[in-house]
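Spelled out, the chains give:
Number of protein chains: 2
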Amino acid sequence: MFMPVGTLASVKGVSQDVLDELGVEILLANTYHLFLRPGVETVRQIGGLHRFMSWDRAILTDSGGFQVFSLNDLRKVSEEGVAFRSHLDGSSHFLSPEKATEVQIGLGADIIMAFDECTEYPADCARVRASMELTARWAERCKSYFEAYKYEVSWTSTAAELRSAGRPRAAVPTRSGASPRLDGAEPRPHTEITQALFGIVQGGMDTELRRESAARTIDVGFAGYAIGGLSVGEPRELTRDIVLSTLEHLPSDQPRYLMGVGTPEEIAQYAQSGVDMMDCVLPTRAARHGLLFTSEGKVSIKQARYAQDDRALDPACVCRVCQRYSRAYLRHLYAANELLAQVLNTVHNLHFYLTTMRTVRAWIRAGDATGAGAR
Amino acid sequence: MFMPVGTLASVKGVSQDVLDELGVEILLANTYHLFLRPGVETVRQIGGLHRFMSWDRAILTDSGGFQVFSLNDLRKVSEEGVAFRSHLDGSSHFLSPEKATEVQIGLGADIIMAFDECTEYPADCARVRASMELTARWAERCKSYFEAYKYEVSWTSTAAELRSAGRPRAAVPTRSGASPRLDGAEPRPHTEITQALFGIVQGGMDTELRRESAARTIDVGFAGYAIGGLSVGEPRELTRDIVLSTLEHLPSDQPRYLMGVGTPEEIAQYAQSGVDMMDCVLPTRAARHGLLFTSEGKVSIKQARYAQDDRALDPACVCRVCQRYSRAYLRHLYAANELLAQVLNTVHNLHFYLTTMRTVRAWIRAGDATGAGAR
Chain A
7 MFMPVGTLAS VKGVSQDVLD ELGVEILLAN TYHLFLRPGV ETVRQIGGLH
57 RFMSWDRAIL TDSGGFQVFS LNDLRKVSEE GVAFRSHLDG SSHFLSPEKA
107 TEVQIGLGAD IIMAFDECTE YPADCARVRA SMELTARWAE RCKSYFEAYK
157 YEVSWTSTAA ELRSAGRPRA AVPTRSGASP RLDGAEPRPH TEITQALFGI
207 VQGGMDTELR RESAARTIDV GFAGYAIGGL SVGEPRELTR DIVLSTLEHL
257 PSDQPRYLMG VGTPEEIAQY AQSGVDMMDC VLPTRAARHG LLFTSEGKVS
307 IKQARYAQDD RALDPACVCR VCQRYSRAYL RHLYAANELL AQVLNTVHNL
357 HFYLTTMRTV RAWIRAGDAT GAGAR
Chain B
7 MFMPVGTLAS VKGVSQDVLD ELGVEILLAN TYHLFLRPGV ETVRQIGGLH
57 RFMSWDRAIL TDSGGFQVFS LNDLRKVSEE GVAFRSHLDG SSHFLSPEKA
107 TEVQIGLGAD IIMAFDECTE YPADCARVRA SMELTARWAE RCKSYFEAYK
157 YEVSWTSTAA ELRSAGRPRA AVPTRSGASP RLDGAEPRPH TEITQALFGI
207 VQGGMDTELR RESAARTIDV GFAGYAIGGL SVGEPRELTR DIVLSTLEHL
257 PSDQPRYLMG VGTPEEIAQY AQSGVDMMDC VLPTRAARHG LLFTSEGKVS
307 IKQARYAQDD RALDPACVCR VCQRYSRAYL RHLYAANELL AQVLNTVHNL
357 HFYLTTMRTV RAWIRAGDAT GAGAR
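Chains A and B, in that order, give the protein sequences. Using my numbering, read the first sequence as starting at 7 and increasing by one per residue. Using my numbering, read the second sequence as starting at 7 and increasing by one per residue.
Derived by calculation from the structure, the hints in this document are not laboratory data. One or more hints might be untrue.
As the list claims (entries may be wrong) - Restraint ranges, calculated between C-beta atoms of paired labels, are given here: (1) A:S306 - B:E302: 45 to 51 Å; (2) A:R311 - B:N78: 33 to 39 Å; (3) A:P321 - B:E153: 37 to 43 Å.
Owing to the predicted nature of the structure, the values given are computational and were not obtained by experimental measurement. Cβ atoms here follow ideal geometry from the backbone N, Cα and C, with glycine treated the same way.
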């Protein structure tokens, strides 16, 4: 599956009913960003992210490790965790494996991620090993915290109370079963539904360290496994080598998630190689810059050549944008800096990605996956 | 009817299918802005605004008089027309009654407006009279040009050719009948459909000059009559006095259009007083600034008091925003500067305005119009 990125509990410019219609099955939101705005307490009070953003399909929250890593001069890493300053107002914060897990339990996504250190590229072998080992120790701490507090997920009495209060809004995402374990009692059978915690494999561009990281992460034991620390500036071929070699060390009967990748061609190739889940800002971010993916290749809609082009953006596409609007209109909206440009471009690009993934799934079901070395 | 503003052939942030769903019957677009971007030739080549923006309901284009008037230091008015510099790049342009009408015939809206001079406020009596008389002379020139060239409207063979070429897009706005009169032949009966040209009454805040302007505009003869030159800084009570006194001088069996007005209360009052058409940027512009109209009054969604407010924005509203999202989520989107804030806020405000107008229409049909002095 491909997960569109909704960093701040919104896929930029696209309303949830359009995401429904596009067939989005799972969204990615970001712990670091939501921790700063609107803050975990706001989301927890309302009953979790599903209810907050009115989205009853699945959500995954990244742990914030990658974003904190991106802060560069604003962060300081220690064994305990990461002290950092907000990119918004410079305020000081601290995320540790425990804190990141607590926040994600409060946000209440279906899948949450262990707090890891994303190793910079390039880095020498000693640095990569030390970083990988830190991530492995943090993985244990995330798992321990999660096991202790997983029943305090925000799909709770708050939401149930609001529902029973006869609130008139139509779409109330419901999560049956889960309730807080604040009373210390054993979880009752019907309240045992929890989030799924995934571990993250690091190890830089070293296949042996990747193997060791995979083994140590599997030893801790997670519901799924992610390959992190890629798309950090390395050549594409190296990304592919690391992904394929790491996949071999991850259990094929559990979800394998490749983080932050990639182009339509890459997601098709990785899916055929055994990757189950991917996310990437490319379709949404490129859309906002007028770069559109089509069956005939990439289109930069800002170009003057499209100014009087009355054809659909992608004649082979059945999305609501290609069904209704011309290249000339999309080019005009972009050139005139109209909000609708960003909206329509994003809808089309997401449709292209999701259609790509549906096609790959059909191939896999039909046994036609050609590059499926890991399956 | 209330006409949402789609200055550049787009209601900012709202796709045409949502406008359909909201029950928008007619949109307002702007000649000045479309003249600069994408330019009339682009729209004409594609077969007119309906086809360009894929909108098969009605469109009205304002003549550009008001926008040119707003340019202040960038314009120079003469008997012939207005020389001005583009607000985009400083390039020099000229609009005259003939040119503005030619451009509007090229854009191909259903209703087009005479090119007028919007008199500044305050202005002395001599200035208001001179300005009103200029507008009256320009009205004659617009009418003459329109009568000479009205069959050259852009709903033409271009669109028909594109349709017959079997283009796959679903939504091709069709305009039956109209064809260019370039051959000089008499219009055939089935090609006599043209645009409707409306005149504009000026006369500042002087009821006698307004009466005279109305009489002179009616003498020229138009398909409908607009009251222009209001909402230019005068007190609200004065606006109302001028509107009501001017309405009495306009034929009640033709459309009477009050330009650029107003709040929900104002549009309800004016509709009950006999105004048939209104447009205003308020619902869309206010939405982008987080100001929302509800059955309980105005809501500034940016306020911290809404941060954990799980209720619908307007519990009495059936729009797709109020049906799905909470104030807390809308507040978060606004505070985080998410694109979706502008999209959802605009949808709600338009729904509020259009529902207000539907309610007023029902009152009028039921004979309950209380302030209908002019009817």
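Here is what the structure says about each hint:
1. A:S306 - B:E302: 45 to 51 Å: holds, 46 Å
2. A:R311 - B:N78: 33 to 39 Å: Taking Cβ atoms as reference, R311 (chain A) and N78 (chain B) lie about 36 Å apart, which means the hint holds.
3. A:P321 - B:E153: 37 to 43 Å: With Cβ atoms ~41 Å apart, the hint holds.
Comparing the model with each earlier hint shows no violations; every hint is respected.
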